[in-house]
Amino acid sequence: MEKLIPTLIDGLNLGSVYALVALGYTMVYGIAKMLNFAHGDVIMVGAYTLFVCITTLHLPLWLTFIIAILVCSVLGFIVEKLAYKPLRGSSPLAVLITAIGVSYLLQNLALLFANTKYGMDKQFFSSFLNLGSLKIGNVTISGVDFLIWITTAVIMVGMMLFIKKTKTGRAMLAVSEDKGAAQLMGVNVNKTISITFIIGSALAAIASILFAAKYQFVESTMGSLFGIKAFAAAVFGGIGSIPGAVIGGVIIGIIEAFSTAFLPGSVNAASDGFAFVILIIMLVLKPTGLLGKQTTEKV
Amino acid sequence: MKSFANFFKTKKTLINVIFAVLLYVLLFLSFNKSLPLEFLNLSRTNQSLAIKMSYYIILAVSLNMVVGFLGELSLGHAGFFAIGAYSGCLIAKLLVSMGIPSVPAFFISCIIGGLAAALGGFLISSSILRLSGDYLAIVTLAFGEVIRSFSKIIPGLGGTIGLMDIPGFSSRTVEFTCSFILVVITLAVFKNITNSTHGRAVTAIRDNTIAAQSIGINVKAYKIKIFAISAFFAGVAGVLFGYYNNNIAPSYFTYNLSIEVLIMVVLGGIGSIKGSVIAAIVLTGIPDWLRNMGSNKFFNFIADQRMLVYSLVLIIMMLFTSAPAFINFRKKLFGNISNKFNFKNKNKKTAEEVA
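Protein chains in written order, with the working numbering: chain A, 1 to 299; chain B, 1 to 355.
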């Protein structure tokens, strides 16, 4: 029983990071109607940027965070412009394969960079964010934990307000509803999709900061499976729904933490598999997710 | 029997059979280093490369069946490959320990490994019939990862170390003959499916599912069938891989393998069996050939950064073949020749010819 609350905290941490990444997936999927396979790798690029800024360049932390967010946003923008925009209107298969190509390109570029610069692609951060900790009874909650939860909650509420209240947000809603009609109403579809990609990548950068602060490592392949689990979270909550992505992320994170903590050691080697089993079950039974909308295919 | 008699009546089949036999004789001589010209004989590395190419050809052609023919993206091919490899190699070990010679044991385990993989394909495809496109791709990817992570913990599969001491062939020539036979069978089966009534039904499903359904084509049954057949051959390739490598482990069956095979399918041309074969041969050979070309820095870089180059080529290929702007540009530049590059148009043409 004494493992229960620490595991729950672990799950909330992991789940909050998943939630931030899932927000990016859900927005891009909802608006551009494409699965951005490279989204997970944007986190990896963000984490490497942090690593280079902190360990090699010794920049102040606030500047490091801004640089990471900027690098990821610009990356998201460029990828969308160069790889995805030319394919708008062609088959979904072509877009998906291109996205896989982009994901592999980013991974291998990072691998090449890390190998030539540091000799190894998995690198560890020295703990760069120390916020003290809070002790309640037997349970210790670190400042980083609080930071992760608060950031995720603030971003979720912020995104919901942004979509509902601002002009750009409403343009996004319009584009996700009907691209053609939105264009006729004077919405600049290309610009809206670009903004979506930039926001999604910025969220991925924030996720990478929180990930690095909590787990303190970076690796060229860290984004690919992580990203797919986050996509699982987005699907779980219902694609297109912002609170759904956060709920899905937290649920997947908690399930993963509990399966790692409570299953016997011999089964633990397959802990990665459990998130995917949940994904398959979820997609098979309820593809629209918890908070998603049902759509029917028209002829 | 009637269909068998018809089989040899068509001229095309006869030519294909003669071609396969001639190719086999040529390669056989080259394997035994008995061709008159020295450079035609295969070196040891190229001999082993030829086996590697065989299982990549089978993988690429079977994946092309799903991607190009059914029009659904499957990212779980490594999963079927793994199911085939594990079940087939377990059977092969058992059979050889019972005293059965390795070649018949190989073919028996190929069938069993293939059937096990086909069962996996049947289960996964029948459970995801409601899905298509991105969701289907993600589920197949998840399926591959589930297979890989569970192969680590299922007792009897050797954990992360995997299965060791899988029986091999007595010589490279025997190994080559067996893999050549498998490749020919795979190509023959897929060629026949694509040219049959069933094949045309599947093409109809790919081009317009709703229209196909409205004229009475059983979309679900065909989807399951194609998935199962594709998985069967991926499983057979897995057994061949086990025999070739003498060891299989979960680390061989990552999602990277599925992507590598997908790259072969895309580069060879989605929907083209010939293209998949050529792409599988070239992409398997290139890293080794480049490394053997001497200490040229550029070649070595490409050989080491294989996946980097492939991913770039993949993006450029997709933009070139599918982006509306590029297609228009090509039409302006080459006129009607550009239709040759566009796989969709090409398939439409063959459909008209058949009708």
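It cannot be assumed that every hint is accurate.
DSS-like mimics (lysine-lysine), calculated; alpha carbons at most 25 angstroms apart, straight line [stated by the list, open to error]:
id	chain 1	residue 1	chain 2	residue 2
1	A	Lys135	A	Lys214
2	A	Lys3	A	Lys214
3	A	Lys165	A	Lys33
4	B	Lys33	A	Lys286
5	A	Lys179	A	Lys164
6	B	Lys297	A	Lys117
7	B	Lys33	B	Lys11
8	A	Lys165	A	Lys191
9	A	Lys33	A	Lys117
10	A	Lys135	A	Lys3
11	A	Lys81	B	Lys331
12	A	Lys85	B	Lys332
13	A	Lys117	A	Lys135
14	A	Lys81	B	Lys33
15	A	Lys85	A	Lys167
16	A	Lys81	A	Lys135
17	B	Lys220	A	Lys85
18	A	Lys85	A	Lys214
Just so you know, these hints were derived from the structure itself, not from any lab.
Here is what the structure says about each hint:
no.: 1; hint: A:Lys135 x A:Lys214; in the structure: holds, 18 angstroms
no.: 2; hint: A:Lys3 x A:Lys214; in the structure: holds, 19 angstroms
no.: 3; hint: A:Lys165 x A:Lys33; in the structure: holds, 23 angstroms
no.: 4; hint: B:Lys33 x A:Lys286; in the structure: violated, 60 angstroms
no.: 5; hint: A:Lys179 x A:Lys164; in the structure: holds, 18 angstroms
no.: 6; hint: B:Lys297 x A:Lys117; in the structure: holds, 19 angstroms
no.: 7; hint: B:Lys33 x B:Lys11; in the structure: violated, 33 angstroms
no.: 8; hint: A:Lys165 x A:Lys191; in the structure: holds, 18 angstroms
no.: 9; hint: A:Lys33 x A:Lys117; in the structure: violated, 37 angstroms
no.: 10; hint: A:Lys135 x A:Lys3; in the structure: holds, 15 angstroms
no.: 11; hint: A:Lys81 x B:Lys331; in the structure: holds, 23 angstroms
no.: 12; hint: A:Lys85 x B:Lys332; in the structure: holds, 21 angstroms
no.: 13; hint: A:Lys117 x A:Lys135; in the structure: violated, 41 angstroms
no.: 14; hint: A:Lys81 x B:Lys33; in the structure: violated, 53 angstroms
no.: 15; hint: A:Lys85 x A:Lys167; in the structure: holds, 23 angstroms
no.: 16; hint: A:Lys81 x A:Lys135; in the structure: violated, 48 angstroms
no.: 17; hint: B:Lys220 x A:Lys85; in the structure: violated, 33 angstroms
no.: 18; hint: A:Lys85 x A:Lys214; in the structure: violated, 35 angstroms
Checked against the numbered hints given earlier, the structure breaks hints 4, 7, 9, 13, 14, 16, 17, 18 and satisfies all the rest.
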